[in-house]
Amino acid sequence: MDGYTATRQIRELPNRFHSHIPIIAVSANAFDEDMEASYEAGMNGHLAKPIIESELLKTLGEIWFDNFFMID
Numbered sequence: 001m002d003g004y005t006a007t008r009q010i011r012e013l014p015n016r017f018h019s020h021i022p023i024i025a026v027s028a029n030a031f032d033e034d035m036e037a038s039y040e041a042g043m044n045g046h047l048a049k050p051i052i053e054s055e056l057l058k059t060l061g062e063i064w065f066d067n068f069f070m071i072d
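Numbering (the UniProt record's numbering), first residue to last: 1 to 72.
Hints in this document: simulated from the structure, not taken from any laboratory.
Glycine included, C-beta positions come from ideal geometry on N, C-alpha and C.
Honestly, I wouldn't trust all of these hints.
Unchecked claim - Simulated restraints on C-beta separations:
(1) Asp2 to Asp32: 15 to 25 Å
(2) Glu36 to Gln9: 16 to 26 Å
(3) Asn15 to Asp66: 10 to 20 Å
Please build the complete structure, drawing on both the sequences and the hints.
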């Protein structure tokens, strides 16, 4: 199972909190279409390898901020 399929299945689980589980793609594929596929699958972010620490921290900060204000 690839990450796209796993993400879709997690997002389809019945518990409402599954939609808020942070999922970030970490991939060597860094083209725009790869990033778009990650978001279309329901991922919250996409990081290209090699991971740059500042990008990781930025992505984590954005995701946690968004999730904090979206949980009802």
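List, from low to high, the hint numbers that the structure doesn't satisfy.
Every hint satisfied by this model.
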